[in-house]
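**Student:** Sequence:
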Amino acid sequence: MEFTPRRLFGVKPSKATFLIPFLVSVLLVGSQGDSNAALDNIVTERMAEESHRQDSAYLLIFIMLLTLTILTIWLFKHRRVRFLHETGLAMIYGLLVGVILRFGIHVPQSMSDVILGCAVNASPATLLVNVSGRFYEYTLKGEVTPGKGHQDDEMLRKVTFDPEVFFNILLPPIIFHAGYSLKRRHFFRNIGSILAYAFVGTVISCFVIGLIMYGFVSFMKVVGQLGGDFYFTDCLFFGAIVSATDPVTVLAIFNELKVDVDLYALLFGESVLNDAVAIVLSSSIVAYQPAGDNSHSFEAMAVLKSLGVFVGVFSGSFALGVVTGVVTAFVTKFTKLRDFPLLETALFFLMSWSTFLLAEACGFTGVVAVLFCGMTQAHYTFNNLSPDSQDRTKQLFELLNFLAENFIFSYMGLTLFSFQSHVFNLLFIIGAFVAIFLGRAANIYPLSFLLNLGRRNKIGSNFQHVMMFAGTH
3 MEFTPRRLFG
13 VKPSKATFLI
23 PFLVSVLLVG
33 SQGDSNAALD
43 NIVTERMAEE
53 SHRQDSAYLL
63 IFIMLLTLTI
73 LTIWLFKHRR
83 VRFLHETGLA
93 MIYGLLVGVI
103 LRFGIHVPQS
113 MSDVILGCAV
123 NASPATLLVN
133 VSGRFYEYTL
143 KGEVTPGKGH
153 QDDEMLRKVT
163 FDPEVFFNIL
173 LPPIIFHAGY
183 SLKRRHFFRN
193 IGSILAYAFV
203 GTVISCFVIG
213 LIMYGFVSFM
223 KVVGQLGGDF
233 YFTDCLFFGA
243 IVSATDPVTV
253 LAIFNELKVD
263 VDLYALLFGE
273 SVLNDAVAIV
283 LSSSIVAYQP
293 AGDNSHSFEA
303 MAVLKSLGVF
313 VGVFSGSFAL
323 GVVTGVVTAF
333 VTKFTKLRDF
343 PLLETALFFL
353 MSWSTFLLAE
363 ACGFTGVVAV
373 LFCGMTQAHY
383 TFNNLSPDSQ
393 DRTKQLFELL
403 NFLAENFIFS
413 YMGLTLFSFQ
423 SHVFNLLFII
433 GAFVAIFLGR
443 AANIYPLSFL
453 LNLGRRNKIG
463 SNFQHVMMFA
473 GTH
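The sequence shown runs 3 to 475 under this note's numbering.
Keep in mind that the hints are not guaranteed to be accurate.
Claimed, not checked - So the derived label-pair ranges between C-beta atoms look like this: (1) K396 / I255: 41 to 47 Å; (2) N459 / D341: 42 to 48 Å; (3) V313 / P165: 22 to 28 Å; (4) H467 / P165: 27 to 33 Å; (5) K160 / G90: 22 to 28 Å.
The set of hints was computed from the structure by calculation and includes no laboratory data. Keep in mind it's a predicted model, so treat the numbers as computed, not measured. Note that beta-carbon positions come from the ideal geometry of N, C-alpha and C, so glycine has one too.
Required output: the full structure, derived from the provided sequences and hints.
**Tutor:** Next comes the structure, spelled out in structure tokens:
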């Protein structure tokens with residue numbers, strides 16, 4: 003090959019001759035890097051498509067569960083079958099699907115998987131991997147079950163109960179609908195008793211459950227059924243978690259049974275408000291432990307600190323819910339949104355849902371905030387809405403409430419078999435049932451006796467028994 007006398011890139015021909023192989027190699031390396039990047043993009047797109055297809059299949063499973071539940075509910079109502087409630091039915095269907103997914107379905111392994119070993123002391127939440135000078139970020143999803151491929155673990159992980167989905171998507175419409183459709187006169191007529199059960203009763207249940215569980219775990223250590231450290235503060239933390247009653251099941255069953263309005267107000271009010279108490283109790287129990295001290299003893303100042311936190315959380319949640327409702331009422335009153343019912347309904351829906359998310363983002367409890375938002379919206383905003391929007395908002399939240407309730411119970415039933423970190427200890431389970439039962443009894447019966455001393459409309463023994471057993475779920 004001959005070269006012209008002209009300079010190549012400003013270099014004399016003799017020197018350019020030696021540079022040509024180098025330039026060719028650089029171009030080859032560059033093109034190879036581009037081809038690798040393109041190949042990576044193709045692989046990533048294919049994985050995204052496969053993941054999308056699987057996610058659609060998993061979501062379809064839940065939709066079919068809801069469809070089957072609705073058809074069975076219709077059949078039960080048509081045949082006047084009353085021995086099984088729809089919530090139990092949804093959970094049974096979820097259990098059956100969970101068994102099929104856990105033991106009957108196997109996801110084929112991808113041939114592109116690469117397993118490399120690396121010794122670390124703890125599982126990193128995020129991992130950066132250097133592959134040929136390109137960095138890739140990976141997020142921790144969970145432990146791979148021994149004897150199963152990680153594709154099967156991924157399938158079970160995607161259908162397992164996700165707290166974020168529950169709290170941010172499923173729970174807000176249920177609580178808002180309860181506040182929006184609540185008979186406010188009966189609620190505020192019993193507000194003193196509701197606050198007593200929610201605040202004082204939850205604290206009593208927490209400490210009774212904690213004391214009983216501490217006795218059980220001490221006994222389990224003696225008989226060799228429990229290893230490791232299990233402190234009294236750990237038992238109190240467990241008591242704080244389980245002492246808060248669940249409003250979803252209360253609402254679902256009581257709405258169907260058409261129970262007494264005062265009983266409904268007492269149980270519903272307690273189940274919603276004690277959420278704030280349980281949050282503060284659990285965080286306070288952690289604050290009781292001095293920094294750097296393994297004795298798990300209590301600090302006196304932590305009591306006052308937790309009391310202040312509780313007042314702040316509850317009052318902040320209450321104020322946030324009321325303010326959001328009032329703002330929506332002003333917007334609907336002083337604008338002409340009522341001329342556009344679709345926009346009016348959309349604004350009402352978004353403002354109501356954002357109350358829960360705003361409260362959680364600010365460190366308050368969204369359940370309390372969205373409850374009082376619903377009550378404020380019903381008292382003020384509802385009268386400002388156009389007739390079309392009034393009907394739409396009622397029907398919209400009634401529909402969302404029905405779907406969310408049944409979805410939750412199907413979700414819970416399915417999770418029993420899809421959850422991958424079950425640890426069954428029969429003695430601990432028995433102890434927990436006994437502790438919860440006695441803790442609830444120590445809450446309801448003494449407080450009801452004291453409250454009846456100052457109530458005109460007494461809380462009867464039958465009501466107390468219902469409240470006792472309704473709070474042990």
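**Student:** Could you run down the list of hints and mark each one as holding or not?
**Tutor:** Here is how each hint holds up against the structure:
1. Between K396 and I255, the C-beta spacing of about 21 Å breaks the proposed range 41 to 47 Å.
2. Taken as a hint, the range 42 to 48 Å holds for the pair N459 and D341, whose Cβ atoms sit roughly 45 Å apart.
3. Look at V313 against P165: about 26 Å separates their beta carbons, and that is inside 22 to 28 Å.
4. For H467 and P165, the hinted distance range of 27 to 33 Å is satisfied, since their beta carbons lie about 32 Å from each other.
5. Between K160 and G90 the C-beta distance comes to about 25 Å, which sits within the given range of 22 to 28 Å.
Violated hint for the displayed structure: number 1, the only one.
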